[in-house]
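K.L.:
Heads up: the sequence shown begins at 1 in the UniProt record's numbering, then just goes up one per residue.
Keep in mind that the hints were calculated from the coordinates and are not lab data.
Keep in mind that the hints are not guaranteed to be accurate.
[Unchecked claim] DMTMM-like cross-link-like pairs, simulated, lysine to aspartate or glutamate; straight-line CA separation at most 25 Å:
#  : residue 1 : residue 2
1  : K31       : D52
2  : K48       : D62
3  : K31       : E57
4  : K64       : D52
5  : K48       : E83
6  : K15       : E43
7  : K31       : D9
8  : K48       : D24
9  : K31       : D62
10 : K4        : D24
11 : K65       : D52
12 : K64       : E83
If you're wondering where the values come from, they're calculated on a predicted model, not measured in any experiment.
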Amino acid sequence: MINKLTIDDVPENLKSVVLAIGIDAFRSLIKCAGGTSIYLPSERCITKPVRDRVIRESFCGDYKKMARRFGISVVRVRRIVGEKS
1 MINKLTIDDV
11 PENLKSVVLA
21 IGIDAFRSLI
31 KCAGGTSIYL
41 PSERCITKPV
51 RDRVIRESFC
61 GDYKKMARRF
71 GISVVRVRRI
81 VGEKS
């Protein structure tokens, strides 16, 4: 029956999810995790490792420039650059 599900069948509080990911992905999500609680991290939390990787890959020796570019402190840039990949 899940393959017959349309956006009109979805409760109002979940329609924004369907609009964001599409009905097929929503059906898959229901099959995979229906009935469970799912925690979705914030965008900032989930992209932090990406930001750190980009900083390490594009670091050219100017800590202040990188700090301004990414909106973080010089100390944080130094820590990121010094961390192991």
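K.L.:
Each hint should be assessed against the structure and marked as holding or not.
P.N.:
Hint by hint, here is what the structure shows:
A hinted pair counts as satisfied when its Cα atoms are at most 25 Å apart, and K31 with D52 does not qualify at roughly 34 Å. The suggested pairing of K48 with D62 holds, with an alpha-carbon distance near 20 Å, which does not exceed 25 Å. Simply put, K31 and E57 have alpha-carbon atoms about 39 Å apart, too far for the 25 Å limit, and the pair is violated. This hinted pair checks out: K64 and D52 have alpha carbons roughly 15 Å apart, not beyond 25 Å.
Taken as a hint, the K48 and E83 pair is honoured in the structure, with Cα atoms around 14 Å apart against an allowance of 25 Å. Proximity of K15 to E43 is assessed by CA-CA distance (about 20 Å); at most 25 Å being required, the pair is judged to hold. Proposed proximity of K31 and D9 is supported: the alpha carbons are some 16 Å apart, at most 25 Å. Proximity of K48 to D24 is assessed by CA-CA distance (about 29 Å); at most 25 Å being required, the pair is judged violated.
Distance check on the hinted pair: K31 and D62 sit about 49 Å apart at the alpha-carbon level, beyond 25 Å; violated. Of the supplied pair hints, the one linking K4 and D24 holds, its CA atoms being roughly 10 Å apart against a limit of 25 Å. Restraint check: the Cα-Cα separation between K65 and D52 comes to about 15 Å, which is no more than 25 Å; the hinted pair holds. Annotation: proposed proximity of K64 to E83 holds, straight-line Cα distance about 18 Å (limit 25 Å).
Violated hints, listed in ascending order, are 1, 3, 8 and 9; each of the other numbered hints is respected by the structure.
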